[in-house]
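S.K.: Okay, here's what each chain looks like letter by letter:
There are 4 protein chains.
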Amino acid sequence: MSNDFPELASGMAAIAKGFHARGWLLGTSGNLSAVVQREPLRLAMSPSGVDKGELRPDQMLLIDEQAQPLSDSRKPSDESLLHVQIVKERGAGAVLHTHSVWNTILSELYAADGGVTISGFEMLKGLQGVQTHEHTEWLPIIDNSQDMPSLAVSVAETLNEHKAVHGFLLRRHGLYSWGETLAQAKRHVEILEFLLETMGRTLHIQGGVKHGGSHDSQ
Amino acid sequence: MSNDFPELASGMAAIAKGFHARGWLLGTSGNLSAVVQREPLRLAMSPSGVDKGELRPDQMLLIDEQAQPLSDSRKPSDESLLHVQIVKERGAGAVLHTHSVWNTILSELYAADGGVTISGFEMLKGLQGVQTHEHTEWLPIIDNSQDMPSLAVSVAETLNEHKAVHGFLLRRHGLYSWGETLAQAKRHVEILEFLLETMGRTLHIQGGVKHGGSHDSQ
Amino acid sequence: MSNDFPELASGMAAIAKGFHARGWLLGTSGNLSAVVQREPLRLAMSPSGVDKGELRPDQMLLIDEQAQPLSDSRKPSDESLLHVQIVKERGAGAVLHTHSVWNTILSELYAADGGVTISGFEMLKGLQGVQTHEHTEWLPIIDNSQDMPSLAVSVAETLNEHKAVHGFLLRRHGLYSWGETLAQAKRHVEILEFLLETMGRTLHIQGGVKHGGSHDSQ
Amino acid sequence: MSNDFPELASGMAAIAKGFHARGWLLGTSGNLSAVVQREPLRLAMSPSGVDKGELRPDQMLLIDEQAQPLSDSRKPSDESLLHVQIVKERGAGAVLHTHSVWNTILSELYAADGGVTISGFEMLKGLQGVQTHEHTEWLPIIDNSQDMPSLAVSVAETLNEHKAVHGFLLRRHGLYSWGETLAQAKRHVEILEFLLETMGRTLHIQGGVKHGGSHDSQ
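Residue numbers (this note's numbering), protein chains in the order written: chain H, 1 to 218; chain A, 1 to 218; chain R, 1 to 218; chain P, 1 to 218.
Take the hints with a grain of salt, since some may be wrong.
The list treats identical chains as interchangeable, and a pair is accepted whether it falls inside one copy or across any two copies.
Below, computed lysine-lysine pairings styled on DSS-like, alpha-carbon distance capped at 30 angstroms [claimed, not checked]:
(1) Lys75 to Lys125
(2) Lys125 to Lys17
(3) Lys125 to Lys88
(4) Lys163 to Lys88
(5) Lys17 to Lys88
No lab work stands behind these hints, which were simulated from the structure alone.
Using the sequences and the hints given, assemble the complete structure.
M.R.: Here it is, written out as structure tokens:
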């Protein structure tokens with residue numbers, strides 16, 4: 001067992017507090033995870049139904065690959081299975097899920113396209129592996145579901161089909177992003193939230209959404 | 001007499017500070033209450049005309065079922081009777097009232113419909129009793145009035161007719177929501193404010209309100 | 001000489017910090033004053049060109065009726081004469097001036113009408129003397145000018161003509177409001193800023209400004 | 001060597017924290033510099049890839065005219081050459097670069113015009129050398145590029161051609177502004193960000209951009 005659980009838990013609580021202040025984790029929504037150990041898989045996971053603006057490090061749970069709590073009888077986040085899926089598909093070290101007004105709006109406006117195309121912004125350079133603003137980022141939109149195992153399969157399929165994406169949206173639900181570390185995951189979320197807001201506000205001025213076609217695997 | 005008045009007062013002051021920071025309690029608007037005792041009814045109530053961003057626990061009043069202060073000569077919130085009404089109708093443990101830009105705008109835009117229909121959002125799952133995003137939430141809009149006893153009756157009638165609602169809007173006034181505890185009431189307000197903002201901003205892009213018909217009792 | 005100058009200075013610094021955080025006093029804009037003594041008139045005045053988010057109580061100046069500093073060689077706010085004018089016309093105890101995005105936008109959009117009509121909002125009840133939401137508030141718009149004595153005369157004329165107004169806008173410049181105390185002035189500014197934002201955002205949805213006629217003296 | 005490096009580093013960290021809170025430096029974007037010494041040129045520079053909301057004074061680097069770090073093996077900001085260019089062209093004492101939603105949106109909407117014309121706002125008076133609101137500020141838009149030496153040349157040419165401008169936009173990238181001191185640079189950024197947001201929101205209401213012609217050298 002790795003011994004940085006307290007450090008990860010502190011980092012998660014700090015990120016949660018900052019995101020809640022921005023309105024990205026209101027009403028106990030959203031969840032955060034970080035990998036404590038890979039074999040067997042152990043994740044530090046945020047608990048279910050807790051105010052993310054007041055989340056304390058000691059409230060973080062340790063869960064296994066089946067999203068079962070190991071050191072606790074408290075309930076981990078309902079979406080823990082999605083975090084596990086992303087960690088396995090991407091080898092991520094941390095996964096963050098936000099509910100923001102803009103990511104919610106765009107997840108609906110672009111649902112017919114199956115995703116959002118974001119290109120040409122310098123902000124994209126902050127995403128891992130992106131070297132230039134002349135980059136086209138595809139942010140897939142997956143239909144929401146309460147069937148978590150089924151949704152986890154959809155997530156795995158999407159990540160398998162689009163190997164370069166840095167996040168995805170759940171329709172009328174929110175954004176998932178990740179990183180090798182909590183810091184990189186935080187950076188990715190900030191960048192994607194920024195870009196979604198930028199595109200959303202531009203839509204206001206332009207007077208609506210211009211729909212593109214579906215997006216090939218990349 | 002329950003002995004958690006200081007604890008409730010602290011919780012109320014903390015919520016007030018956070019909501020004021022978000023712009024939901026500007027200009028001494030809004031009010032907060034929490035049940036100290038049920039028989040006879042005793043509520044911890046925020047005082048009238050106090051800056052909610054600087055509300056201290058020692059400023060909270062104790063009021064009775066007629067909204068009369070018991071331990072003080074200071075004036076409780078003008079809307080104390082509405083808090084009493086909600087506590088009685090719903091058995092709530094805490095009631096919160098916010099004035100936000102978005103709840104004010106939507107209370108006017110949907111006034112002709114008598115309420116706002118909110119459906120399909122994952123955020124709805126944070127409302128007590130809601131298990132899925134495939135839920136339709138009705139947020140009634142009640143006409144504003146300065147006749148507080150009369151308005152309390154309107155509130156009681158509305159809550160009686162719509163037994164599943166988690167809040168209501170007063171037209172051109174603000175949002176009321178509640179919970180079994182202060183934490184749940186806070187969560188409900190955050191969720192409803194989030195959803196009203198999401199719908200309001202979507203209206204910008206869509207170019208206006210699509211009016212539905214009136215809403216049957218549920 | 002009254003001995004609450006330190007207390008007023010502390011209050012002004014606290015208000016400035018909060019308003020700057022909201023984006024209402026960016027780039028050293030805006031100014032604040034409070035009456036220390038009425039005969040002869042002495043105002044505590046914010047200094048010129050200082051970051052309002054970092055304004056310290058010890059930076060406040062004491063000025064006289066001609067807006068001349070009494071205890072300092074530092075420069076008081078350029079608009080000190082307007083503060084003096086408002087104090088004299090209204091007997092105000094404190095005057096606050098903000099530059100917000102929304103008050104700037106509406107000061108231009110309604111310039112042709114000579115002011116903004118705000119009615120029917122519960123938030124209006126927080127303005128001194130207003131008992132009901134069924135109130136129509138007139139917020140005059142005065143053309144901006146760098147000729148401060150001349151602008152002070154325009155302000156005096158406007159306040160003389162509209163004896164019930166609680167504030168006014170300077171076109172493409174900002175909002176002035178006041179109160180008997182710093183607390184009341186702060187409340188008035190928060191209420192007017194809230195209402196201007198509410199109306200501004202509603203304009204987005206409605207698709208533009210509906211102009212009314214000029215407004216008779218009230 | 002000047003001995004105010006620690007002081008400048010502290011000032012830069014404080015500005016970064018405030019700007020990050022406003023959403024102007026999300027996702028490790030943006031950069032800050034301050035002149036420690038002019039001959040030979042030495043700048044305190046923010047490091048590459050660091051969360052600007054958590055930037056510490058001890059993380060600041062010292063770089064030379066070629067943007068090479070002198071006291072460190074850590075990597076300075078990718079855009080250090082632009083900071084050097086601005087310091088040389090304008091004799092600036094500090095340079096700040098932000099990525100905000102509004103500056104990004106307007107950098108795209110007005111790209112065809114080559115810049116944004118901002119006139120008539122009182123806020124313009126906070127820009128160095130501007131005495132009145134009856135001022136027309138030109139904010140050039142330069143095409144973005146990953147070729148930093150080439151971009152630095154574009155910046156130099158633009159600043160040479162428009163000797164009165166207080167900032168410029170990089171298309172779909174962000175805002176650069178500067179000042180004689182960190183305080184003045186901060187003031188300039190706050191003013192320009194405020195004005196860009198004001199114009200952007202006004203565009204919503206007006207229903208789109210009214211394009212002007214190209215802008216002559218000034």
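S.K.: Now look at each hint and say whether the structure bears it out.
M.R.: Hint-by-hint comparison with the structure:
1. For the homomeric pair Lys75 and Lys125, the shortest alpha-carbon distance between copies (16 angstroms) is at most 30 angstroms, but the shortest distance inside one copy (37 angstroms) is not.
2. Both within a single protomer and between protomers do Lys125 and Lys17 lie at most 30 angstroms apart by alpha-carbon distance, with minima of 26 angstroms and 21 angstroms respectively.
3. Proximity of Lys125 and Lys88 under a CA criterion of 30 angstroms is satisfied in both settings, with 25 angstroms inside one chain copy and 27 angstroms between copies.
4. For a Cα distance limit of 30 angstroms, the shortest separation of Lys163 from Lys88 inside one copy, 13 angstroms, qualifies, whereas the shortest one across copies, 44 angstroms, does not.
5. For a Cα distance limit of 30 angstroms, the shortest separation of Lys17 from Lys88 inside one copy, 27 angstroms, qualifies, whereas the shortest one across copies, 34 angstroms, does not.
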